[in-house]
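Construct the entire structure; sequences and hints are all you get.
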Amino acid sequence: MYQITLTRNSIKELKKILKSNPFAGEQIKVFLLALNDEPNPKALLNAKKLKGYKKDMWRWRVGEYRIIAEIIEDQLIIEVIKISNRSKAYKK
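Numbering (the working numbering), first residue to last: 120 to 211.
Simulated from the structure, these hints should not be mistaken for lab results.
Glycine is no exception: its CB is placed at the ideal position from the N, C-alpha and C atoms.
You may find that some hints are simply not true.
[Said to hold, decoys possible] Here are the computed lysine to aspartate or glutamate pairs in the EDC-like style, where the Cα-Cα straight-line distance is at most 16 Å: (1) 174 with 198; (2) 173 with 198; (3) 148 with 183; (4) 207 with 175; (5) 207 with 192; (6) 173 with 145; (7) 174 with 157; (8) 201 with 175; (9) 148 with 198; (10) 168 with 198; (11) 138 with 156; (12) 161 with 145; (13) 173 with 183; (14) 168 with 189; (15) 131 with 198; (16) 138 with 157; (17) 168 with 145; (18) 138 with 189; (19) 207 with 193; (20) 135 with 157; (21) 170 with 183; (22) 134 with 145; (23) 174 with 193; (24) 174 with 145; (25) 135 with 193; (26) 167 with 193; (27) 201 with 183; (28) 161 with 183.
[Stated by the list, open to error] Simulated restraints, written as ranges between beta carbons of each label pair: (29) 195 with 138: 27 to 33 Å; (30) 171 with 145: 29 to 35 Å; (31) 206 with 120: 31 to 37 Å; (32) 137 with 206: 17 to 23 Å.
Next comes the structure, spelled out in structure tokens:
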């Protein structure tokens, strides 16, 4: 089982989503809780490895939003770096 951690920026983004689109915000929260119990989060159908990053970066698609995170295998941690609309998610 992986432990989910959210950066300060991703918490702020989630709060904005909850205000502007409560349904999508709740979907994201439910997904993050389910991801916590997932034995292999990389095998989910909505998971995709991101190219062009030095770290083990992945994204999960939840509706029109993207959750971008780094997976730290040796510590079993998923650090959520960004939660954003698809149009803004991939800008560095």
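For each hint, the structure was consulted:
1. 174 with 198: Given that 16 Å is the threshold and the Cα spacing comes to 12 Å, the pair holds.
2. 173 with 198: 15 Å, holds
3. 148 with 183: Given that 16 Å is the threshold and the Cα spacing comes to 14 Å, the pair holds.
4. 207 with 175: 20 Å, violated
5. 207 with 192: 27 Å, violated
6. 173 with 145: Not satisfied, since the Cα-Cα distance of roughly 31 Å exceeds 16 Å.
7. 174 with 157: 21 Å, violated
8. 201 with 175: 14 Å, holds
9. 148 with 198: Distance of about 15 Å is within 16 Å: holds.
10. 168 with 198: 14 Å, holds
11. 138 with 156: Distance ~26 Å between residue 138 and residue 156 Cα, so the pair is violated.
12. 161 with 145: 22 Å, violated
13. 173 with 183: The hint is violated at about 26 Å.
14. 168 with 189: 10 Å, holds
15. 131 with 198: 15 Å, holds
16. 138 with 157: The hint is violated at about 28 Å.
17. 168 with 145: 24 Å, violated
18. 138 with 189: At roughly 26 Å apart (the allowed maximum being 16 Å), residue 189 and residue 138 break the hint.
19. 207 with 193: At roughly 30 Å apart (the allowed maximum being 16 Å), residue 193 and residue 207 break the hint.
20. 135 with 157: Measuring from Cα to Cα gives roughly 26 Å; hence the hint is violated.
21. 170 with 183: Violated, at about 20 Å.
22. 134 with 145: 10 Å, holds
23. 174 with 193: The hint holds at about 13 Å.
24. 174 with 145: 28 Å, violated
25. 135 with 193: 32 Å, violated
26. 167 with 193: 20 Å, violated
27. 201 with 183: 14 Å, holds
28. 161 with 183: 20 Å, violated
29. 195 with 138: 27 to 33 Å: 32 Å, holds
30. 171 with 145: 29 to 35 Å: For residue 171 and residue 145 the Cβ distance comes to about 31 Å; the hint holds.
31. 206 with 120: 31 to 37 Å: 33 Å, holds
32. 137 with 206: 17 to 23 Å: Holds, since residue 137 and residue 206 (Cβ atoms, about 19 Å apart) stay within the stated range.
Comparing the model with each numbered hint stated earlier shows that hints 4, 5, 6, 7, 11, 12, 13, 16, 17, 18, 19, 20, 21, 24, 25, 26, 28 do not hold.
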